[in-house]
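Colleague: Put chains B, C and D on the given structure of chain A with help from the hints.
In the order they appear, the protein sequences are chains A, B, C and D.
Our numbering puts the first residue of the first sequence at 113, with every later residue one more than the last.
Our numbering puts the first residue of the second sequence at 113, with every later residue one more than the last.
Our numbering puts the first residue of the third sequence at 1021, with every later residue one more than the last.
Our numbering puts the first residue of the fourth sequence at 1021, with every later residue one more than the last.
Rather than coming from a laboratory, the hints here were simulated on the basis of the structure.
This one's a predicted model, so the numbers in the text were calculated from it and none came from an experiment.
Using N, Cα and C, we set each Cβ at its ideal position, and we do this for glycine too.
Relax, there's no trap hidden among the hints.
Now the in silico label distances, taken between C-beta atoms and shown as ranges:
#1 179(B) <-> 1104(C): 36 to 46 Å
#2 1068(C) <-> 135(B): 32 to 42 Å
#3 138(B) <-> 1031(D): 53 to 63 Å
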Amino acid sequence: MDVLYFAWVRERIGVPKEKIDTVPATVMALVDELRSREARYEAAFADLSALRVAVDQELSDFDAPLDGAREVAFFPPMTGG
Amino acid sequence: MDVLYFAWVRERIGVPKEKIDTVPATVMALVDELRSREARYEAAFADLSALRVAVDQELSDFDAPLDGAREVAFFPPMTGG
Amino acid sequence: MDIRVQEDPFDLGVETSAFAARQKGMGAIVTFTGVVRDLDEGVLHAMEIEHYPGMTEKALQKIAEEATSRWKLGDIMIIHRHGILKAQEMIMMVATSSRHRVDAFQAAEFLMDFLKSRAPFWKKEASGTAADWVAARDEDEDALKRW
Amino acid sequence: MDIRVQEDPFDLGVETSAFAARQKGMGAIVTFTGVVRDLDEGVLHAMEIEHYPGMTEKALQKIAEEATSRWKLGDIMIIHRHGILKAQEMIMMVATSSRHRVDAFQAAEFLMDFLKSRAPFWKKEASGTAADWVAARDEDEDALKRW
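So here's chain A without its partners, still in its complex pose (with noise of 0.2 Å):
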């Protein structure tokens, strides 16, 4: 599965993208999975109200599964217009 990450999410952790090879229950399992990595991840995680996902590019929630889930992304509140 990819995680991505954008905005200062990517830049607190350091990468846009990497491959991880577990296969989270849910959202929430996988940020709980990479909180317990390196500080970098505790840091972009710290506050999950500052946050938004999205799964397999739509917009999801913390508790939505991850079953059959190719693409997972990390962002903070979009800003565009």
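Modeller: Below, chains B, C and D alone, put in the same frame as chain A:
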């Protein structure tokens, strides 16, 4: 005083503009004076709710006074844009 | 503020670009364009617009000043044509600029609502051999109440 | 429907003209243009826009389809840039056409409200030597509630 007509009011009365020598007290008095002249005026002023009036190029009312007015215009509701 | 009442056509693209280029520090530009529409497929549709020279300019100026006092605007442009117009021709346009989108949108809608029912223009539509004055719509008069 | 996500600049006048020329039987055209504004006088202001290739196009398509289902529209155009933009450059534009002005205005405002908070773009603003990600504004999220 100049009296101006626009759109179908102009078409019914047959002229875009005419001078009148009297000085009616109000717009309504002017309307009554015009109505008493000929059938074409009567036709144009048959339904006042379908008419708008401007005194000296400002939208006004039928009970507005005309003292000092140089120009009165009658026309249907506007349809610009 | 740029207000023009004219018989000649105007170029929407050129006017929009020029308006945008004149703005400084504005984040939002809104334009509205009114077009003569073909009423029925295949029926050539033409329009004649009568106006009240002198009053028209004053009325548009007053509407634009009212918009300027209600919203934080950088600029306003209004162009309105009169005379004979063919189907697909541009009748008029307004443009507004502001730092934020809400002001630019609100001001443009306000300008259109008041221009439609308070500026002395009258449209006569021709389709086939018949020509008739366009009737004012109640909903256009009602639209003024929200402001 | 014409949706473009691109790094290259676009010409507002040319795009507006071309959009208008493509419409048939539409009486109203509304455009909104977002511009990089100089935050403070004299301070050169630049912007970097990051986006999520793939998801961006899908999100814009979905927003445009939702607008089409809610209002009677002739057409919708959305152009949004990404990459580095300088002060006064155009960031994006939307255009809508409809038979009547209310639909065209409402749809354009709807597109802007959703594009702003639901399409995956992120702005970083630079003024002087500092650069910071633009924070989402509560009022932009609140704006979605009216639809």
